[in-house]
Structures are given as structure tokens and as C-alpha cells.
Amino acid sequence: MTSTAQSNTDMMNEKPKSSSSSVFTTLSNALIITRREVRDSFRDWRIIAPIIILTFFFPFLAQDVAGRFSNFLQDFGAELIGDRLIPFLLMIVGFFPISISLVIALETFVGEKERRSLEPLLSTPLTNTELYIGKTLSAMIPPLIASFGGMAVYLITLLGGQLQWRPEPALILQIFLLTIVQALVMVTGAVVVSSQTTSTRAANLLASFIIIPMALIINGESFIMFIAPDADSPSGIGALWAIILGMFIVVMLLLRIGNSIFNREELLGRTIDSLNLRNTIKNIWTWIVAVDDDGTPARNIVHWYIRGTAYSLSKLKTQALITVMVFTIAFIGGYGIGLQPEWQLPLTQDTSDIDAYNTTEDLFDNFFGTVGNQQVSLVRFVIWQNARVLIAATLLGMFSFGVAPLILTPIVYAILGYVLSQFVIAGFDISIFLAALLPHGVVEIPVILLATVLAFRLGVVMTKPPKGQTVGRAWTMAFGDTVKLWITLVVPGLVLAAVLEVFLTPLMVVAAL
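In the working numbering, the protein residues as written are 126 to 638.
No lab work stands behind these hints, which were simulated from the structure alone.
Do not take every clue at face value.
Said to hold, decoys possible - Straight line, CA to CA, 25 Å or less: simulated DSS-like cross-link-like pairs of lysine-lysine: (1) Lys440 x Lys592; (2) Lys592 x Lys407; (3) Lys407 x Lys589; (4) Lys407 x Lys440; (5) Lys589 x Lys440; (6) Lys589 x Lys442; (7) Lys442 x Lys592.
As the list claims (entries may be wrong) - Have a look at the derived ranges for each label pair, beta carbon to beta carbon: (8) Arg598 x Ala353: 40 to 46 Å; (9) Gly420 x Gly345: 37 to 43 Å; (10) Ile343 x Phe167: 26 to 32 Å; (11) Ile374 x Ala295: 18 to 24 Å; (12) Val549 x Asp419: 48 to 54 Å.
All residues carry an ideal CB built from backbone N, CA and C; glycine is no exception.
Make the full structure from the sequences, and use the hints.
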């Protein structure tokens, strides 16, 4: 305790350092923990044995599978599929050793606690950030060494074996980068789990929330490798570059979360995890009916609707600005894609179908004769169609740190931008496009933006809680605001937009035609 106090005193008496010097000092101190942990890992045969087996045995197994499968496909004239399988197997060869990192990372803190070696480690003068980074690096380095070793062995056998594979260098770079970011995501996520659980058993159970998303991502990557039209491009597969960037952003968010919620005293003092569901529901209800930061409940339904809604909306300024920017970029991007010759539709101003009607009244009669008896069903369908996308975005936002809502919902507006570009290129009257969009869009677009903002905030609030608030309190406040605004604005807005889309928009389109 004396040495720790003296160290703290010396740190307070030091002059402020530059940011570059501070970063260098942080990394230097973190590497002290890293060297210790890596040295201990390489002394454990239970870790070394799988690394050696996966490094030197699995590449030859993958080579044999690739050769047999390629020969099988050649008999049916499907050489292209066999060639696309090879980079996928290279990625798998690199991924299997990384799975070891999950086991190591899950024991970084909770394993030390069970071995009674955590308290001396936490009593060192290292900061929380230095300790956290050091533990994260130590869990990642041994599996990455095994992964790169296995991939190198596999590449050598491919280049000099019977397949004589000659890939584009950019594709090889992408696979190596995917291996690195996948390891980073798994390790940073597992370290967060390890620092917030009280037993290795609980940490292993929670690891499914890391393994399942990673398995789905790998399935998506393999699908992209098989169908990508730019698989042989010298610059690599464009979709894989996007995945690498997205996963790197997730790594930064996980590091930020882990470092912000890491607490030495709580880690030592917590001996059992408990879930107080009743208290959680009570806290959420408090913020649903709250009208200010103190959690003051509304006096009546009118006061809640007016004051509570305004209070919750006032906390969405930053998230709303980001969401509007993303939607605008999606719309402009869709419009730009539509201007490319290879993406243009063969539209012409052939009005023969419209000329078949003698008067505008015929258009009205034809439309309402077809759907007039189904309008109520159409309203329900439109409500559910919009609601399920927004509900999915909200649920995925909680598990993707707010990233999923900014990917899922703007897709529709990218399509709208694309459709607008086709109208412009074909020379159609823009009033038809506006008539099909604006009557219900004046309600639907703001509602979808609001729901996306709420989903985005619900995920991103965990990465950096407001000052003076815990992650749990910040999240329950965000969830309470989300429920409140869904009740007051989102659901009524979706209903109104659906009614306008079914009853008013067709009339406006027919009038424009």
C-alpha cells in the first residue's frame, strides 16, 4: 500500500506530458503485462499443443480437401467454384487457431480471480487502460502467431502443390486483415465478458454471444467470396473491404466499452452475479413516465405526452444529426449508382398502357376496383412491413453498438435515390415520383428517422455513458425513452403513414399520371 501511494504521489508531481509521449508510455506499460501473460501462455502445454496441431496439421488437411473438391468439380465443368473455395479455406485455416484466443481472453480477469492472483495484479501502479490493453494484447498474440503460421504453410502448399494457385495480392491481404480484425473482435469482446463475470463458467456461457455473431459473419464472407463479381480484381473484393472497416470500428467500440466499465474495486468485491429483474423493470418504468433528469413522473397523460415527449426528444440531438447524415449519404449514393451505365434500367416513355384509358376517371375506377375491398388489409400490411424493419433495427442496434440501424434502415432510401435517378435519365416527369413518395412520406420519413435515432442511441450509449452515470443506468434511461417515444410518436406515425399510403398516395399518383 505504501509503494502504491508513493507511486501515485510521484505521478501527481510529474509535469504534464505531450499526447504522443502519453500514448507511448501507456503502450510501454501495457506491454509489461503482455510479456508476462504471453510467457505464461507458452509455458502451458494445453495452449501450445492446439497451436502446433492447428498450425502444422490443419493446413495439410485443408490442402487435401481443396484438391479433392477441385478435382470433383472439374468432372462437372465447375472449375470456377473450386477456385473460389481456395481463398475460403485459407480464411478458415487462419480462423481456427484464432478460436484459441477466445479461451485465453475469457480467463484474462476471471481466471486470475479464481486462481487468487488478481489482487496482486490490480495493486500495481498501472492504470486501468494500461492493464486492460496489456491483457487484451496478451490474449491475441499467441493465437495470431499460430494463425499466420498456418496460413503461411497453407499458402506454400497451394503455390507449389498440384493446384498451382496464383491469387491476386490484394485478396491475400484482405484475408490476412480479416483474420486480424476477427481476432481483435473476439478478444476484445471476451475481455469485456471476463471483466464483468464472477466465474469462468459464466464467462464461457456468455461466450456464445461472441461465437454466434462471428460464425454468421464468416458465413457471409464465404458467400461473398463465392458470388463476388470482383473476386479477381487487382484491388480485392469491395465488400470484404467494407467488412474489414466495419469490424475495425466494432473493435474500437469494444475497447472503449471495456475500458470505460472496467473497475478494479468492483472486480475484486463482486463474488456472485445476480439478476434483479423486478428492479430493472421498475427502473425502466421510471424513465418511461419521467419528464426530467430527476425521474419526476408526469402528473397526467397529457403532461406525460407533451412534457415527457419533449424531454426525451431533447436528448437525441447528436444521434439525430448523425442519422440524418447517414440517410442523406445513402440517398445520394443510390442516386449516384443509378447514374452508372451498367446499373441503368431500360426505361422508355412508352405511354401505351396509360393511353388505354380514355379519361382520368377510368384510372380511378380501375385502381379502386382492384384494391377497394382490400384497403384495410393493405393498411395492416404496410404498418407491419415498416414496424418489423424498425423493430429488427432496434434489437440489432442493442447488440451491434448502434451500427446495425445505420445499415439496415437507410437501404430503402438508397433505393429511392436509385429510382429517382432512373426517372431523371428516362426523362419522366418528376411529379410522378414525388406524388408516389410525399403524401405519406411527410409522415413516414420523420417517423423512420426517429425510430432509427432511438435504435442508434440504444446501442451507442453503452460505448460511452454520460458523465457520472453507469452503463446500466444510461441504458435503462435510453430504453425508457425509446419505449416512450415509440408509444407517443413512432406507432401513431406508422399508422397514419400507412393510412395515407393506402388511401391518399394512389390518388395523387393517378392524378399525376
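Notebook entry, point to check: Are there hints from earlier that the structure breaks, and if so, what are their numbers?
Noted result: none
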